[in-house]
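Asker: Here is what each chain is made of, one letter per residue.
Number of protein chains: 2
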Amino acid sequence: MDFMKKPLTVKTLEEAKSEFSKYWEPSVKKEMISIDDAAGRVLAESVESKIDLPPFDRSVYDGFAVKAEDTFGAEEDDPEELVLKGAIHAGEKPKVRVDEGTCVEIATGALLPEGANAVVMVEDTTEIDENIQIRRAVSPGENISKKGTEIQEGEIIAEEKQKITPQIHGALSAVGIQEVKVVKKPHIAVISTGEELIEPNQELGPGQIYDVNGKTICDAVNLCGCEASYLGIVKDDISKIKKLIKNALTSYEVVITSGGSSAGSKDIVPEVIDSLGKPGVIVHGLAQKPGKPTVVSVIDGKPVFGLPGYPVSALMVFDQLVAPYLREMTAVSESDKKDVQAKLSRKILSARGRRELSPVKVFEKEGELVAQPLLKGSGAITSLVKADGYIEISLGREILEKNELVKVRLFGEDSFD
Amino acid sequence: MDFMKKPLTVKTLEEAKSEFSKYWEPSVKKEMISIDDAAGRVLAESVESKIDLPPFDRSVYDGFAVKAEDTFGAEEDDPEELVLKGAIHAGEKPKVRVDEGTCVEIATGALLPEGANAVVMVEDTTEIDENIQIRRAVSPGENISKKGTEIQEGEIIAEEKQKITPQIHGALSAVGIQEVKVVKKPHIAVISTGEELIEPNQELGPGQIYDVNGKTICDAVNLCGCEASYLGIVKDDISKIKKLIKNALTSYEVVITSGGSSAGSKDIVPEVIDSLGKPGVIVHGLAQKPGKPTVVSVIDGKPVFGLPGYPVSALMVFDQLVAPYLREMTAVSESDKKDVQAKLSRKILSARGRRELSPVKVFEKEGELVAQPLLKGSGAITSLVKADGYIEISLGREILEKNELVKVRLFGEDSFD
Numbered sequence: 001m002d003f004m005k006k007p008l009t010v011k012t013l014e015e016a017k018s019e020f021s022k023y024w025e026p027s028v029k030k031e032m033i034s035i036d037d038a039a040g041r042v043l044a045e046s047v048e049s050k051i052d053l054p055p056f057d058r059s060v061y062d063g064f065a066v067k068a069e070d071t072f073g074a075e076e077d078d079p080e081e082l083v084l085k086g087a088i089h090a091g092e093k094p095k096v097r098v099d100e101g102t103c104v105e106i107a108t109g110a111l112l113p114e115g116a117n118a119v120v121m122v123e124d125t126t127e128i129d130e131n132i133q134i135r136r137a138v139s140p141g142e143n144i145s146k147k148g149t150e151i152q153e154g155e156i157i158a159e160e161k162q163k164i165t166p167q168i169h170g171a172l173s174a175v176g177i178q179e180v181k182v183v184k185k186p187h188i189a190v191i192s193t194g195e196e197l198i199e200p201n202q203e204l205g206p207g208q209i210y211d212v213n214g215k216t217i218c219d220a221v222n223l224c225g226c227e228a229s230y231l232g233i234v235k236d237d238i239s240k241i242k243k244l245i246k247n248a249l250t251s252y253e254v255v256i257t258s259g260g261s262s263a264g265s266k267d268i269v270p271e272v273i274d275s276l277g278k279p280g281v282i283v284h285g286l287a288q289k290p291g292k293p294t295v296v297s298v299i300d301g302k303p304v305f306g307l308p309g310y311p312v313s314a315l316m317v318f319d320q321l322v323a324p325y326l327r328e329m330t331a332v333s334e335s336d337k338k339d340v341q342a343k344l345s346r347k348i349l350s351a352r353g354r355r356e357l358s359p360v361k362v363f364e365k366e367g368e369l370v371a372q373p374l375l376k377g378s379g380a381i382t383s384l385v386k387a388d389g390y391i392e393i394s395l396g397r398e399i400l401e402k403n404e405l406v407k408v409r410l411f412g413e414d415s416f417d
Numbered sequence: 001m002d003f004m005k006k007p008l009t010v011k012t013l014e015e016a017k018s019e020f021s022k023y024w025e026p027s028v029k030k031e032m033i034s035i036d037d038a039a040g041r042v043l044a045e046s047v048e049s050k051i052d053l054p055p056f057d058r059s060v061y062d063g064f065a066v067k068a069e070d071t072f073g074a075e076e077d078d079p080e081e082l083v084l085k086g087a088i089h090a091g092e093k094p095k096v097r098v099d100e101g102t103c104v105e106i107a108t109g110a111l112l113p114e115g116a117n118a119v120v121m122v123e124d125t126t127e128i129d130e131n132i133q134i135r136r137a138v139s140p141g142e143n144i145s146k147k148g149t150e151i152q153e154g155e156i157i158a159e160e161k162q163k164i165t166p167q168i169h170g171a172l173s174a175v176g177i178q179e180v181k182v183v184k185k186p187h188i189a190v191i192s193t194g195e196e197l198i199e200p201n202q203e204l205g206p207g208q209i210y211d212v213n214g215k216t217i218c219d220a221v222n223l224c225g226c227e228a229s230y231l232g233i234v235k236d237d238i239s240k241i242k243k244l245i246k247n248a249l250t251s252y253e254v255v256i257t258s259g260g261s262s263a264g265s266k267d268i269v270p271e272v273i274d275s276l277g278k279p280g281v282i283v284h285g286l287a288q289k290p291g292k293p294t295v296v297s298v299i300d301g302k303p304v305f306g307l308p309g310y311p312v313s314a315l316m317v318f319d320q321l322v323a324p325y326l327r328e329m330t331a332v333s334e335s336d337k338k339d340v341q342a343k344l345s346r347k348i349l350s351a352r353g354r355r356e357l358s359p360v361k362v363f364e365k366e367g368e369l370v371a372q373p374l375l376k377g378s379g380a381i382t383s384l385v386k387a388d389g390y391i392e393i394s395l396g397r398e399i400l401e402k403n404e405l406v407k408v409r410l411f412g413e414d415s416f417d
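Protein sequences appear in the order of chains L and X. Just so we're aligned, residue 1 is where the first sequence starts under the UniProt record's numbering, counting upward by one. Just so we're aligned, residue 1 is where the second sequence starts under the UniProt record's numbering, counting upward by one.
Because the hints were derived from the structure by calculation, they are not lab data. It cannot be assumed that every hint is accurate.
Note: identical chains are not told apart, hence a pair may lie in one copy or across any two.
Simulated crosslink set (DSS-like; lysine-lysine; CA at most 27 angstroms straight-line) [to be verified]:
1) Lys278 x Lys146
2) Lys386 x Lys163
3) Lys242 x Lys67
4) Lys163 x Lys343
5) Lys407 x Lys365
6) Lys161 x Lys338
7) Lys163 x Lys338
8) Lys161 x Lys93
9) Lys361 x Lys338
10) Lys292 x Lys184
11) Lys161 x Lys22
12) Lys163 x Lys185
13) Lys181 x Lys386
14) Lys278 x Lys93
15) Lys95 x Lys235
16) Lys289 x Lys185
17) Lys161 x Lys243
18) Lys146 x Lys289
19) Lys365 x Lys376
20) Lys407 x Lys181
21) Lys386 x Lys338
22) Lys22 x Lys376
23) Lys30 x Lys402
24) Lys242 x Lys93
Chain L on its own, in the form it takes in the complex (with noise of 0.2 angstroms):
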């Protein structure tokens, strides 16, 4: 047999991750950019306003800026008349001030005058020739927004590891931010390997079909806040797969690679990983079904992951090893809403020994939520399409029960209809 090789000594998910832990630790990076490209990123620091706000002392109402003492005692059947000296729109300089016995006419928003200390809304009020009738009296600061007492200058206004959302984007924009530092997305590289794969513009020869990892895990790191790079379809050739590994490890923070890890394929992508610097790599292969192909290395600092090639198990196993470490580099904090409870539609029968990943399909019948496990002998695209998260059976049970409730793990979270 040229091919197959001795079986692997495996690890669990726990024991792999504190041993990857000795040689690498995810970091947040950080970087400036501008306000107009920060909707929906994470804030690397808290952010404080350079301004107070409101700038300046504003009415909150359209009406006419008085001073107090002049509407004392006015009432319905019993007004005060002031002079009208004139109007302020909102956003120019005041030209007029409010002398004892005048007013002038406020918009709503717009700077008070000198002199004036309350605006009266205009509602309460009556113009009669040249006067204003106020029909209510008003005390001093009434229906003004003094400048700072919304934000004072100093004041955080977002804090570290927030996101932006439209409301942060727009309160940031309200007191001048130009720039913000953010967390920059790491850039993480995605390769696919296997010798029968070939890209979509291309024609099927014998033996051959079409890559499919590379679109999910892609789509799967993204989904976790980073930018990946698609690098393609490195076929079992020792060579072409250390270069494009190494180089893949000079411009990308993480590398991922798909397939061709299996004990019984060629398996030379961990040998070749393993060859490229210290300390190579740290597990081959998870106590977990399926993990089994699954490689946690470090090449000179730098995470090289090897997942399944069966691609519903490569989107478990990089849910489970993966994607936590791709969210600490994010500071992206993971749904609340990936986790559901769901009840069994069927017994399931889990192999003794290992803990098993095992992917459902999830609806709703009559309030419930029901979570269907995948056939065994479902194809490797029929699983990838109907599967919307996954079930995990500890190590312990052998059996669960029909109608049991069990903690499904969505994929995605709007990835159940």
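Go by the hints and put chain X onto chain L.
Answerer: Chain X alone, transformed into the frame defined by chain L:
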């Protein structure tokens, strides 16, 4: 008084929508794009496979391709012995065939050689010199994935209106799809109006404030699956507003303005819109709070919406009035996590005789969601940042009691902690 106008005649949201629908209906436009750019987009038509999947009979395991008949009777302690004729790797065209009494080593995913009709898993075999001992019988077809059993040529892989998730992206790849017809992102123009507004890169003058709605409305538009373009601020200058909206109408499918349309401000935006074409302004003022300054208009087949200038009001009216139309144009279905039930933290008194939208902060307390109404006096930015969503107080209600269960519409799925 030079800028206060007659009170507006108002319509309810439902009346406004019904009136509007006489002049304009949202429609979905389509475009062909490369599969490489398709992640997250919405399919505009169902996609058929042009190939069978698998494209050939392939082995499901590492093992040996055999004639099933040659293995009949094989048992653990009474194996059958077959002559090994060679090996077939994944992706290659078999150079050998399986004749009676022989077998060929085969890798997972490799093309089944001529003459073989089953695969014996490697675990059930022992290699002895040039021969392979088969310790377990297989039936015809066992451990083989037959051509076309996953997907047949002409079969639907993904349906119209489905979002291209990582899994669907992978499945489309699997059948060699190079281009897909997706829903075209509508281009939406966003304009801020107001004499007092300036851009973040300008120095604040007296009475001026930085624009907020440009960012929040653009982001909210993009979250509906559209492509927003911020066209900037126009001051209260009729000819400039006219020119900008007119230009916007030639290049964009929908125009959204904010500010400048309150009865108390210079109120020239609705007038300008109305002058641009037919039917012009359809609704000026919604019978709800906030909503009075809202404008709904159609100019020569394109809608122009005018939103309030107060940021949280603009966002609430956008969510109620504009967002549903945009989502129809993008076929983006709204997440069902947009509405949550929460307990009101305190009593709310509402204005008699009109619907009210009241911004609330949402948080978890002792395992329950609590909706805390924002204080009426909160400033524009304070409300914007604190509001996680809003509740709707219907026409008939004047008091909502403390601890009453209310439905909160969230601005974003991850918008509260």
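Asker: Evaluate each hint against the coordinates.
Answerer: Okay, the hints, checked on the actual structure:
For the homomeric pair Lys278 and Lys146, neither the shortest alpha-carbon distance inside one copy (62 angstroms) nor that between copies (43 angstroms) is at most 27 angstroms. In this assembly of identical chains, Lys386 and Lys163 lie within 27 angstroms of each other by CA distance solely across copies; the values are 14 angstroms between and 32 angstroms within a copy. For the homomeric pair Lys242 and Lys67, neither the shortest alpha-carbon distance inside one copy (81 angstroms) nor that between copies (39 angstroms) is at most 27 angstroms. For the homomeric pair Lys163 and Lys343, the shortest alpha-carbon distance between copies (26 angstroms) is at most 27 angstroms, but the shortest distance inside one copy (34 angstroms) is not.
In this assembly of identical chains, Lys407 and Lys365 lie within 27 angstroms of each other by CA distance both inside one copy and across copies; the values are 17 angstroms within and 24 angstroms between. Proximity of Lys161 to Lys338 under the C-alpha cut-off of 27 angstroms is found in both arrangements, the shortest distances being 20 angstroms within a copy and 23 angstroms between copies. Proximity of Lys163 and Lys338 under a CA criterion of 27 angstroms is satisfied in both settings, with 18 angstroms inside one chain copy and 18 angstroms between copies. Taking identical chains as interchangeable, the C-alpha atoms of Lys161 and Lys93 are never at most 27 angstroms apart, the minima being 39 angstroms within one chain and 53 angstroms between chains.
Taking identical chains as interchangeable, the C-alpha atoms of Lys361 and Lys338 lie at most 27 angstroms apart whether they share a chain (14 angstroms) or sit on different chains (23 angstroms). In the homo-oligomer, the alpha carbons of Lys292 and Lys184 never lie at most 27 angstroms apart, since the shortest distance is 33 angstroms inside one protomer and 42 angstroms across protomers. Taking CA atoms no more than 27 angstroms apart as the test, Lys161 paired with Lys22 passes inside one copy only; the shortest distance there is 26 angstroms, against 46 angstroms between copies. Taking CA atoms no more than 27 angstroms apart as the test, Lys163 paired with Lys185 passes in both settings, with 13 angstroms inside one copy and 24 angstroms between copies.
For the identical chains of this complex, Lys181 and Lys386 are inter-copy neighbours only, at 22 angstroms across copies versus 40 angstroms inside a copy, given an alpha-carbon limit of 27 angstroms. Proximity of Lys278 and Lys93 under a CA criterion of 27 angstroms is satisfied in neither setting, with 68 angstroms inside one chain copy and 38 angstroms between copies. In this assembly of identical chains, the alpha carbons of Lys95 and Lys235 lie at most 27 angstroms apart only when taken from different copies (19 angstroms versus 78 angstroms within one copy). Taking the shortest alpha-carbon separations for Lys289 and Lys185, neither the intra-copy value of 31 angstroms nor the inter-copy value of 41 angstroms comes in at or below 27 angstroms.
Taking the shortest Cα distances, Lys161 and Lys243 never come within 27 angstroms of each other, neither inside one copy (37 angstroms) nor across copies (41 angstroms). In this assembly of identical chains, Lys146 and Lys289 lie within 27 angstroms of each other by CA distance solely across copies; the values are 24 angstroms between and 64 angstroms within a copy. In this homomeric assembly, Lys365 and Lys376 come within 27 angstroms of each other (Cα to Cα) only inside a single copy, at 23 angstroms, whereas the closest approach across copies is 43 angstroms. With identical chains, the CA atoms of Lys407 and Lys181 are never at most 27 angstroms apart, being 37 angstroms at best within one copy and 36 angstroms at best between copies.
Taking identical chains as interchangeable, the C-alpha atoms of Lys386 and Lys338 lie at most 27 angstroms apart whether they share a chain (17 angstroms) or sit on different chains (25 angstroms). Proximity of Lys22 and Lys376 under a CA criterion of 27 angstroms is satisfied in neither setting, with 36 angstroms inside one chain copy and 54 angstroms between copies. Taking CA atoms no more than 27 angstroms apart as the test, Lys30 paired with Lys402 passes in neither setting, with 49 angstroms inside one copy and 44 angstroms between copies. For the homomeric pair Lys242 and Lys93, the shortest alpha-carbon distance between copies (26 angstroms) is at most 27 angstroms, but the shortest distance inside one copy (69 angstroms) is not.
When the structure is compared with the earlier hints, violations turn up for hints 1, 3, 8, 10, 14, 16, 17, 20, 22 and 23 and for no others.
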